[in-house]
Amino acid sequence: MVKISIMEKIVLPEILNLNQIEVYLANYGFESAKKAFSQTPDDIIDQVKKSGLRGRGGAAFSAGLKWSFMPKTTDKPKYLCINGDESEPGSFKDRQIFEDNPFQLIEGVIITSYAIGAKVAYLYIRGEYHKWIKLMQKAIDIAYERGYLGEKMKSTFGTEFYCDLYIHKGAGAYICGEESSLMNSIEGYRGYPRVKPPFPAQRGLWGCPTTINNVETITNVPQIISKGWEWFSKIGAPKHPGTLLYGISGHVNKPGVYEYPTGMLLTELIYNVAGGVPGNKKIKCVIPGGSSMPPLRGDRLEGVRMDAESLKEAGSAVGTAGIMVMDEDTNLLKVLIRIAHFYHHESCGQCTPCREGTGWMEKILHRILEGNGTSKDLDLLISVANNIEGNTICALGDAAAWPVKFMIERFRDEFETFVKKEVSLPVPNKVHSMRLTSLPLADLKK
Amino acid sequence: MSFKFTEENLTLIDKARKKYPTALAAVMDTVYIAQEQNGYLSNEVMEEIANVLGIDKVNVLSVVTFYTMYHTKRMGKYHIQVCTNVSCMLRGAYEIWDKVKEKLGLENMEVSPDGKFSLEEVECMGACGYAPMIAVNEDYYENLTKEKVEEILESLK
Ligand SMILES: Cc1cc2nc3c(=O)[nH]c(=O)nc-3n(C[C@H](O)[C@H](O)[C@H](O)COP(=O)(O)O)c2cc1C
Ligand code: SF4
Ligand code: FES
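First to last, the sequence lines map onto chains A and B. To convert, note that position 219 of the first sequence is 219 in the numbering used here; the numbers rise steadily by one, no gaps. To convert, note that position 89 of the second sequence is 1089 in the numbering used here; the numbers rise steadily by one, no gaps.
There's no promise every hint is true.
To be verified - Which residues of chain B face chain A? A partial, calculated answer using Cβ under 7 Å:
1. Lys1019
2. Glu1047
3. Gly1129
Read the hints as simulated data drawn from the structure, not as lab findings. Predicted model only: the values in this text are computed from it and were never measured. Backbone N, C-alpha and C define an ideal beta-carbon position, used for all residues, glycine too.
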């Protein structure tokens, strides 16, 4: 057994009642913000850039670099959006921050707003998180009372700068986690993604420069400022430093959210951190970063590490670090159907390949489940997926295509057992005249 | 029957309105407030939302019909939501789903004749590590078994 090194937690420190303001203050709360205000915004951006902090919302893009895209000279107001939509199946980490460390998130918002010059920040939280919205609102109210948000900040920190933070409550739409859709949702429109460019830093909320970061990304910021970028850059994988909130779910003995450095071995996380697979069963498949990411084979997990580069090399991506574990008895066809159904349901319908393709994939998979699929259907699925990928406005298209394409490619052996080897002849079907079907002719005469 | 917001809710709407530079942006909050007061979103309710915010009714309708948490028909006093997405499915969500369906005698999106229960199969609720789960109105119930689900449903009066 590999021993897990004891290390400091950055996002979820193990301090009892840290979600209480007094405890937070007793643990250097809002000291980072104070430190930040003694420096220029450019200095802050520079430090975050050098720290190597990358987005925790899916794409792992450099946070400091993203902030540097915000125009320095503009007469328009600037905005910060914090993405707490957390609707990617397998992801359940941001809610832990709302629950256990809300003030560090607020402090991160203050520092980020100062760095990019935003006066107003919107924290977008998925509507189903009623409980966590209430917790977060309570923390925000306290921060206002104590002068850590709003105009009172001026006297608290002795600065000219102040900012407001508001919660925007979502209402049940996965697509609103996509950054441009999120902005439309805040503006009061349907959550339709926008065509990019222009990027949010050029034209975001109400046409103004906007930065969007994930909740976990922002919660890292205060510690980077207080302990220094060099300290942060040395934790975990060099190209993707810091910690991750690994959300481990599915067939493990101790599912949950665990904070460990980036670059942990996937097997160490599954077997040591999450207590292994119930009944000591073998692992058939692991999705390492939320349901949109390409699934990995259970017999190819050796040596795979949880950071952006290593996972790319292994043929997947880090996504939200939501690790879904499936044991040897899992029916992957049923898993894939469930995933395909999700993307079909959540497609906003703007682009034809995504709107139609997700529906086709679900239908074809159902045909296979009903025992009417052939080997050709598997190729057809891959072809539909390939035609969605890269041909849509937003990345939901890719997110829908990848699981289908890679699940079938990587588990072709299993999927072949669900389909008939020989291609059945197209015979007229009672409902759709020319559809490929294997109904016996006798049945048609009824 | 015309719909009017209570004084208290008008204050809440005013507060929501102040978060944003435009009135339109307050529509989602306002729709929630209306749904809470009226139980569901009828034509009159949507019209009143548009009136209060001074926006076009089309904007209200387009938002209401886009998001799954807004309901244009009255749901049950207890709206039961069962997540069947992958992480939950791997830990027996479909057994929970079947149990709930059987117990309530309802199919997806149906409301019981007495208006007490409604049922919805939902997508991932962000509780994957505590699967399987259901939500009753706003509250999550996690790490469930069929027995626990039965107990929960029976406790709802
Ligand atoms: C369909 C879709 C859903 C997404 N959902 C989320 C989400 O729930 N939370 C999140 O932080 N990012 C989500 N993203 C990624 C965001 O678009 C964006 O990249 C991210 O919030 C940027 O923050 P980061 O750089 O700090 O990761 C989603 C992207 C897509 C395409
Ligand atoms: S890819 Fe899908 S979800 Fe994204 S904009 Fe196009 S239709 Fe909508
Ligand atoms: S899959 Fe059910 S809560 Fe995430």
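Taking the hints in turn, this is what the structure says about them:
1. Hint on B/Lys1019 holds. Least Cβ distance to chain A is approximately 4 Å, under the 7 Å limit.
2. Hint status for B/Glu1047: violated, given a least beta-carbon distance of 17 Å to chain A, over 7 Å.
3. With its C-beta approaching chain A no nearer than about 4 Å, B/Gly1129 sits inside the 7 Å limit, and its interface hint holds.
The structure shown violates just one earlier hint, number 2.
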